[in-house]
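Heads up: the protein sequence lines correspond to chains A and B, in order. Here this note's numbering is used: the first residue of the first sequence is 1, the next is one more, and so on. Here this note's numbering is used: the first residue of the second sequence is 1001, the next is one more, and so on.
Any given hint could turn out to be false.
[Said to hold, decoys possible] Each computed DSS-like pair below joins lysine-lysine, with the alpha-carbon atoms no more than 30 Å apart:
(1) A:Lys106 x B:Lys1229
(2) B:Lys1241 x A:Lys117
(3) B:Lys1229 x A:Lys117
FYI, nobody ran anything at the bench for these hints, they're computed from the structure. Quantities reported herein were computed from a predicted structural model and do not represent experimental measurements.
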Amino acid sequence: MKKILCLLLLCLLFVPFSLISCTPGSQDYRDDVPVSDLSSAMIRAIGEETSSFRHPDSDYFDININTEGIGGIETYEICLHTSSGNFSEIGICKVSSDKDADEVNKMLQAYVESQQKKLESFLANYEPEEVEKIQNATVQTFGHYVIYVFLTKDGQRAAFDAVKAQLAK
Amino acid sequence: MDKKLQIILCSVLGLLLLTALVLTIVLTAYGCSFRRGENGPDPGPSGETKQSETEGQTQQPSSVLQETPDAGLSYQDEIIFVGDSTTAHLRSREVLTGGKDTKQVWCPDNNTLLLDSEITSVKIVYPELSGEDAYKTIPEAASLKQPKYMIITLGLNGIMSHVDNRKNFEYSYSKLIDAIKSVSSETKIIIQSIFPVSAACDAFSADAAQVNQNIDTVNGWLRELSAQKGVYYLDSQSVLKDGSGMLKTEYDNGDGIHLTKSAYELLLSYIRTHAVPNS
Chain A
1 MKKILCLLLL CLLFVPFSLI SCTPGSQDYR DDVPVSDLSS AMIRAIGEET
51 SSFRHPDSDY FDININTEGI GGIETYEICL HTSSGNFSEI GICKVSSDKD
101 ADEVNKMLQA YVESQQKKLE SFLANYEPEE VEKIQNATVQ TFGHYVIYVF
151 LTKDGQRAAF DAVKAQLAK
Chain B
1001 MDKKLQIILC SVLGLLLLTA LVLTIVLTAY GCSFRRGENG PDPGPSGETK
1051 QSETEGQTQQ PSSVLQETPD AGLSYQDEII FVGDSTTAHL RSREVLTGGK
1101 DTKQVWCPDN NTLLLDSEIT SVKIVYPELS GEDAYKTIPE AASLKQPKYM
1151 IITLGLNGIM SHVDNRKNFE YSYSKLIDAI KSVSSETKII IQSIFPVSAA
1201 CDAFSADAAQ VNQNIDTVNG WLRELSAQKG VYYLDSQSVL KDGSGMLKTE
1251 YDNGDGIHLT KSAYELLLSY IRTHAVPNS
């Protein structure tokens, strides 16, 4: 019985260590990939050329995304489709820490919802594919990269698979 | 140690171990649910203090175009119209010189336009050119054409967002005005009021009354902005409204937003009878 007790106790001691190794976020992904490489990979993954996308004016981030109180954004990249009426958009923020990632995720979620509100009047007049991009816009975090996309569901899947491949350790 | 106590202790430890093991398996298998929220519902701050009330409208700024004698077709023909689908329909309703082929309407090829900070980068179809060469930004087109008058009508698209973000709205509109002025300094820029929607409008997340209230608020900002920027303001929306502040039914093309040919003819009459001074 004492042996069993000791064995159980030993096993229990090992569990916290295994839980620590399961901690998500930064440890799962690389954090040395340039945001431009990520965006290029995502664009190619959705079957487009990088030349089909452009970077917005330098004020786009500050004007459209409320960064008040948000720190730790090391760098970012936003890609807008060059065709009017094509709402494909990719935004990538590289942050310094897991905590910053949480805050930036909320910040970008607010941006996505603001854009959805802004674009709602377009919905009745646009192709279903564009409507899908607006309605299903999403924000996801991969370690120290927080990414939002306005893409179709298939596009999202392909783009985020490309991100995972780029950031795999 | 008492055997009973040993058994109890063993059982408790065993249970704890089992729980910990199950937790470990679950977390590992499902990518650790501590991960940051995906599609988190918490919207966070919207970015700007809501200023949905009309501010500072104590008297008419001098930039508001007053009634004048009819300036005639020659005046009208010198105006370039820039805007969203409510501007694009000046072409499809064939109310300008040139009808469907008028060269006075500058809109993107999808016939709609959203005011945001990218407004100076969006490509419109510059009607003086053809093919790929015709795709120009508004400042590029203004630089080429050097129009005598330019009426800009923007803000209906995205109105439900604009009304919550006065700073962003005015920044974007100012950016466009400044860009045009920098390449075409002689152009008389006229900010036209956003048109009302009818009771039948269901394109927005609010009812027509709320949409029109938001439009009125933003039009108030546009009046003030025109004075600040030294451009003109054209309050043409006033001729389209019924007694309840809605777009008159007879001017509604069917979707609550877009206008009939007679509405455009009325607007053009308003434009000619509220001409830029010394035109």
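Hint consistency between Lys1229 of chain B and Lys117 of chain A [alpha-carbon to alpha-carbon, up to 30 Å]: Holds, because 28 Å separates the two Cα atoms, which is no more than 30 Å.
Given the hinted pair Lys106 of chain A and Lys1229 of chain B, is their alpha-carbon gap at most 30 Å? Distance ~35 Å between Lys106 of chain A and Lys1229 of chain B Cα, so the pair is violated.
Keeping to a limit of 30 Å between CA atoms, is the pair of Lys1241 of chain B and Lys117 of chain A held or broken? holds (25 Å)
Checked against the numbered hints listed earlier, the structure breaks hint 1 alone; every other hint is satisfied.
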